[in-house]
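**Q** Next come the chains, spelled out residue by residue.
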Amino acid sequence: MAEISFPLPDLGEGLLEATVLEWLVKVGDQVERNQPFVEVETTKSSVELPSPIAGIVLTLHGEPGDVVLVDRPLITFAVADDSAGIVGTVPQEAAPKRRVRLSVVLDED
Amino acid sequence: MAPRALDTLPPRIADAAVPGPDQLRDLYRMLTNVRQLDTSAVAWQRQGLIPGYAPMLGQEAAQVGAGFGVDKARDFAFPTYREMGVAYTLGVNMVEYMSTHKAIWHGGLYDPVATHFAPFQAVVGGSVLHAVGWAHGQTLNGQTLNSSSTAGLGVALAFLGDGASSQGDVHEAMNFAAILTAPVVFFVQNNGWAISVPTEQQVAGGSVAARGAGYGMPAVRVDGNDVLAVLDATRRAAAHARAGLGPVVVEAMTYRRGPHSTSDDPGRYRTLDDEKIDGGEDPLSRFRAALLERGMADAAFFAEADAQAQARADEIRDGVVDLTSRPGSEMFDFVFQESTPTLGAQARQWREESEHV
Amino acid sequence: MSETLELVRETPLLQLSMQQAINRALGEILEHDDRALIFGEDVGVLGGVFRVTDGLQQRFGANRVFDTPLAESGILGTAIGLAMAGFHPIPEVQFDGFAYPAVNQIITQLARMNYRSRGRLPMPVTLRVPSFGGIRAPEHHGESLESLFAHVPGLKVVSPSNPQQAYHLLKHAASMPDPVIFMEPKARYWNKAAVDLADDQDSISLEGSVIARPGKHATLVAWGAMVSRCLQVAELAAEDGIELEVLDLRWLKPIDEAGLAASVSRTRRAIVVHEGPHTAGLGAEVAALVSQSCFDTLRAPVERVTGFDVPYPSGDLEDEYIPNIDRILFGVQRVLEYRRG
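Protein chains in written order, with my numbering: chain A, 8 to 116; chain B, 5 to 361; chain C, -18 to 322.
Keeping only pairs whose Cα atoms sit at most 27 Å apart, straight-line, the calculated DSSO-like set for lysine-lysine is:
hint	chain 1	residue 1	chain 2	residue 2
1	A	K104	C	K173
2	A	K104	C	K197
3	C	K173	C	K152
What the hints contain is simulated information worked out from the structure, not anything from laboratory work.
Isolated chain A (complex conformation):
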């Protein structure tokens, strides 16, 4: 597993900080890409931030009410090492699905 941290992005034009309103995930949660993980409030608005990757939450950097600075870590994920190559995706292993049933009378000699 590898750790990847994401900093608080600049949510407006030249904003310096935001206040954590509510964490929508907790440490240990498996988060999917684009899943909202935090609600923050800036001087302009309050927004939910979508996760940029899929992974397991390792650290939440701050409690509700805390001020987080832009470009400082906001959340840290543990992600699988076996990420895909430079193109393409890692195929998902799923239980085999079928529609076809074999139906024959075998008249073996």
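Given the coordinates of chain A, assemble chains B and C onto it according to the supplied hints.
**A** Below, chains B and C alone, put in the same frame as chain A:
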């Protein structure tokens, strides 16, 4: 049209001496032998002895000068199908060389490892990259053996023509060689014609040597009909590469005085007048005149050299006549080092069902 | 001196992905063969776009593992020259579809140099090609080149289906004196499985095909990523009372004719499954071989479940193209219900 001068090789590295009288006479003998053998091979085709041949008439100085300029013991030539003069100069057995023109075996019967002359093949530009790989191998060997500082590197002599310069592989080869600082001399014989297409319709910018600059590679454009100029350029280029300074382009400006091959008809794309004007002075008579002028040879020497060349060509002809077909089983023998059950079964079937048991 | 010596052999059994197994094999090859070289696009500093060569340049230096300019023909041509100079090149072409620019060097030079030189210039070159589809990649990243290369005299072609085979077959290929095209099924790069690193086991055969699952009613012939899919099909067929044998062909040139004949002569039915297009695909060769060796015992014509005669489609459509479980089951059904007219 005099070739535009171009010489971006750094000042001469300590090098073999300027050829002395004996070497000059040797060079003349080689040129004469090559001319005689080339002319003979065309005749053999007309006599039905060989099915085809790619004449190099007019390119004797370029080829003998290049072959004479390298170290037979440690350098390696990667020829095209029109490098008979290089093969001769490097000491390749000419019956074994000519065997490919007698349709005995693709690539000829000579031993490429012993002769340092790769088996030639027909894909234009196809072997130029091999020269780069082989040369990079010399660099790696030198680093492994820690001997590059003393003995210098073996140099790959990659032969190509103005036509081949259009191939993507030649670009890739020059780029790889420069990136790898590989000891390669790209020896371009610009003979004016790629079968029927003249250089001006082939080489954008007009010069293959000029492309060296784009690769950060020194280049020399040389009068390819002047054997001493070619020899000097080759030696300088090889010394540069040998010293580990990377590849060099030598563009020898020459002229294909004959057809592309024995089945080509140049009358369809150029006139005899064109050939006279564009061909310039014959490289052989030019060197003969130079030797006479310097007093290094006389009529008796030339007569003897001519007679020797004739005798040598006759001897080679006898060898070519005597060449017999290889056993059909060799079709199967050399596909792999370790053959496969499938191929073994095919060989057995061939043996059972054909007359060549 | 050895009367008390007890030979305790360590047989390290590791859980590795195919990508890790190949990486490990490459490291061992470089360690034991000082003429072996690895080169290609992004194989050095980056460690390959699939991380297959990860860490090898740090371990063995930039002379043994090096990045080349972005030119596949150049990579192959340089490999040929290095082989002429006595090296054992293991070049990588980054993706199957990028082997096409190198096809000239592969076919006209690499495959023929031993022949042309009458055995004087062997070509111990192992060309690694991440191959086949299934990862939703862009165009030219999902090609099946086996029938193209199997058709070329002078080449050997192999494709492993799992980490264990990848590890051993790659080491074997790299020790061979002839050119081998090593087709790595990239859709299987990440699946972990037990790898027995011991070389001297009887159970590790390096030549020919292997029976991945025994069965008696029909043989599924497959290679690369299609082997695991056929194993899934066999599992499902068992629910219906049908026992399918899965023959992992592995070597696509030379094809293990004896192993193929032995399996099909027992099961008397064969379905060949591959990702590549149908017409003149390797399945046609398999079908011809089976019809020749098993004509008298065959209960049905050999069925081919393959990709279609279309350019490899975009990621969204690749599941429609690559033989899926149902299409394979349909093929099995056709073979099983066939009756002589």
